[in-house]
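Position chain B relative to chain A; hints supplied.
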Amino acid sequence: MTESVEKIRSIEEINEKIKHGDAVVLTAEEMIKLAESSGIEVAAKEVDIVTAGTFGAMCSSGVFLNFGHSDPPIKMTKCWLNDVPVYKGLAAVDGYLGATALSETRGFEYGGGHVIEDLVSGKEIELRAESYGTDCYPRRHIETVITIDDLNQAILVNPRNCYQKYDAATNSTDRVLYTYMGTLLPNYGNVTFAGAGQLNPLCKDWNYETIGIGTRIFLGGGIGYIIGEGTQHSPQSGFGTLMVRGDLKQMNSRYLRGASFYRYGVTLYVGVGIPIPIINERVAYTASLRDDQIPVNIRDYGVPSRPDLRPIVKQVTYAELRSGKVTIGEKEVPSSSLSSYKMAREISEVLKKWILEGIFFLTKPVEPLPRKREFKPLKVRRKELRVRDAMRREVVTAKPDDEVKEAAKRIVAKGIDHLPVINTDDKLIGIVTSWDLARAIANNKKYLSEIMTRRVITARENESIDVVARRMAQYNISGIPVIDDNYRVTGILTTDDISRKIVGRRTTI
Amino acid sequence: MRVRLIYSPDVVEKPILAEAVLKTGLPINILEAKVNAQKGELVVSIPSTGKKLEEVLKIFKEAGVQIQKFTEILQIDYERCTSCGACISPCPTQALKFGPDWTLEFDEEKCVACRTCVNACPVKAMSLP
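Residue numbers (the working numbering), protein chains in the order written: chain A, 1283 to 1791; chain B, 1107 to 1235.
Calculated from the structure, these hints are not laboratory results. Computed from a predicted model, the values in this text were never measured in an experiment. Heads up, the beta-carbon is just placed ideally off N, CA and C, and yes, glycines get one too. Some clues are possibly wrong.
As the list claims (entries may be wrong) - Straight-line C-alpha distance at most 16 Å; calculated EDC-like pairs for lysine to aspartate or glutamate: (1) Lys1230(B) <-> Glu1391(A); (2) Lys1327(A) <-> Asp1304(A); (3) Lys1624(A) <-> Glu1160(B); (4) Lys1624(A) <-> Glu1185(B); (5) Lys1230(B) <-> Glu1185(B); (6) Lys1624(A) <-> Glu1211(B); (7) Lys1289(A) <-> Asp1353(A); (8) Lys1696(A) <-> Asp1671(A); (9) Lys1709(A) <-> Asp1766(A); (10) Lys1230(B) <-> Glu1160(B); (11) Lys1531(A) <-> Glu1676(A); (12) Lys1327(A) <-> Glu1563(A); (13) Lys1327(A) <-> Glu1288(A); (14) Lys1230(B) <-> Asp1432(A); (15) Lys1175(B) <-> Glu1185(B).
Unchecked claim - Computed footprint of chain B on chain A; a stretch qualifies when at least three of its residues, placed anywhere within it, have a C-beta under 8 Å from a C-beta of chain B: (16) 1337–1347; (17) 1536–1544; (18) 1622–1633.
What the hints assert, rightly or not - To be clear about the criterion: a stretch of chain B counts as covered by chain A if any three or more of its residues have a C-beta under 8 Å from a C-beta of chain A, and this derived list gives those stretches: (19) 1141–1149; (20) 1189–1195; (21) 1222–1234.
Just chain A, with the same shape it has in the complex:
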């Protein structure tokens, strides 16, 4: 911080007050009310600590486990807990179970996040491991049942938690999208958002003046610590994150929940609570920030690009999102959260209670978190297949008033399956397939205009093959016309073309 402000109180002074039962602790919601009624100056003088909390899906979460040695011992090279793979690039019986790892038998229904919840709940977990066997670790296979009590360590270490805020999501396309932002209805049918907004800990210390490495926190119902900036930490744009750790054995499954996002994958809902010491008026100000002061972009998840390239549909605030309705264009669209405001409130209450009871003391960070960090995209330096690399440029087309019989003859002669239909301006207006023609002949239809599909799924020359292949699979089509800005057909791409290209480039035998 360049601007210095007068210090009101130190962490040591606050801890003394906690010891004597004199500390004034408010939840973030209570602080907002006090600042509104009495002003920031008074709030800063009166309040020692503001408790903030959040409860949401935090994919970059996981737990380090030590299983202990069996006899004879095994150097586990592959390991599963309830059929969910555990990362084994560590010492013999150490592993890391990530929240998004999928069960190899139950798919999207069950994964790492669920195993973590089951461990915390004290449930029995199937442990299976394999090895190649060595002189010192002769065992090659193990299958047994464990509970969290059998583990030497179960330490939650989450590389990225507690996003300060998060872009909201909507969907411009004509079909339902199933994303990590939940179910997105077609034609801007709804908006989903994440983050606790005015209760979020990083919003409450917006300038990173009080929290840092070593800050003691509420984590999953137990005690945890901030161990550094989280991955993708981008505080200068309001997207700060935290890396945290805590002893899983002390935690509570109420605040650690395995979750599945339909047709997307699995994750872990994590509860994080952080005490914000009101050391000066500036911290008092950020601790009083309201939902209507925190801007959020709504992005179009209908565009399958990387997050920051998805078009911004509108900028709103957490207050608008939380009201249940936002306006997009002329339309009023329902909005709802993915993270629980109710649980975030509960966590800030629990943390407040701990402090008031004198069982939770504040720590002074040993190092602050960076206030600036570049967030770079991944540059792809190898040439990648685009539509133009695999499409055929010689396209056989037809006109809507062409006869079915003639069209059928043409596709037989050319050995093709798809016939784009164009108008007199050469613009694409429909498509017929060999199957359409067979059916048309069987039903005695005469002209292509009677049978052609008018809503044509198309591709562009510079689109990635992966994106277009997915589109073809979604619409269950085997050929897709490639068009330019004027809707003129410049090529055609079929599943045959794609498989030929991909076999040529990606497979190494």
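Just chain B now, with coordinates in the frame of chain A:
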């Protein structure tokens, strides 16, 4: 009251619902519709009770439409539900919302048992028989 109306092939093309609306003056709301040339199935909400409701149902019965009482009721396991809200905005009939203390609330009368929320729930707290 919500009912499921099942139209047989003989009556599927007749404007029975429109007639019922005109005759009774009740704004019957179609919550869900699956109609093709062979058959039709509608879930409708009839904003009425007692005698008037009987009158509407009679119109459908006499026109050859089979009436089923709506029995699918969404169950929410509040032990698992975290009131996150992931089910709220995807619900096509706005049957789910937050109460004053941000607890998830369910309005049975609006629900059409479409299962959208069952799929959207991250912690599998919703179920339908």
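Is it true that the CA of Lys1624(A) sits at most 16 Å from the CA of Glu1185(B)? Within the cut-off at roughly 14 Å; holds.
Three residues or more, CB to CB closer than 8 Å: is that satisfied between the segment 1222–1234 of chain B and chain A? Our answer is that it holds, as 6 residues pass the Cβ test (under 8 Å) against chain A, meeting three.
Between the alpha carbons of Lys1531(A) and Glu1676(A), is the straight-line distance 16 Å or under? Answer violated: Lys1531(A) to Glu1676(A) is near 65 Å, above 16 Å.
Verify the proposed pairing of Lys1696(A) with Asp1671(A), using a straight-line Cα cut of 16 Å. Given that 16 Å is the threshold and the Cα spacing comes to 21 Å, the pair is violated.
Are the Cα atoms of Lys1327(A) and Asp1304(A) separated by 16 Å or less? 14 Å, holds
Using C-beta distances, would you say chain B covers the segment 1337–1347 of chain A, given that this needs three or more residues below 8 Å? Result for this restraint: holds, n = 3.
Take the C-alpha atoms of Lys1289(A) and Asp1353(A), compute the straight-line distance between them, and say whether it is at most 16 Å. Not satisfied, since the Cα-Cα distance of roughly 59 Å exceeds 16 Å.
Pairwise hint evaluation, Asp1766(A) against Lys1709(A), where the allowed Cα distance is 16 Å at most: 10 Å, holds
Does Glu1391(A) sit within 16 Å of Lys1230(B), going by the straight-line distance between their CA atoms? 9 Å, holds
Has the given pair, Lys1230(B) with Glu1160(B), been kept, meaning a C-alpha gap of at most 16 Å? Measuring from Cα to Cα gives roughly 38 Å; hence the hint is violated.
Examine the segment 1622–1633 of chain A for residues whose CB is less than 8 Å from any CB of chain B, and state whether their number is three or more. holds (count 5)
Need the status of pair Lys1230(B), Asp1432(A): alpha-carbon distance at most 16 Å? Distance of about 28 Å is beyond 16 Å: violated.
When the structure is compared with the earlier hints, violations turn up for hints 3, 7, 8, 10, 11, 14, 15 and 19 and for no others.
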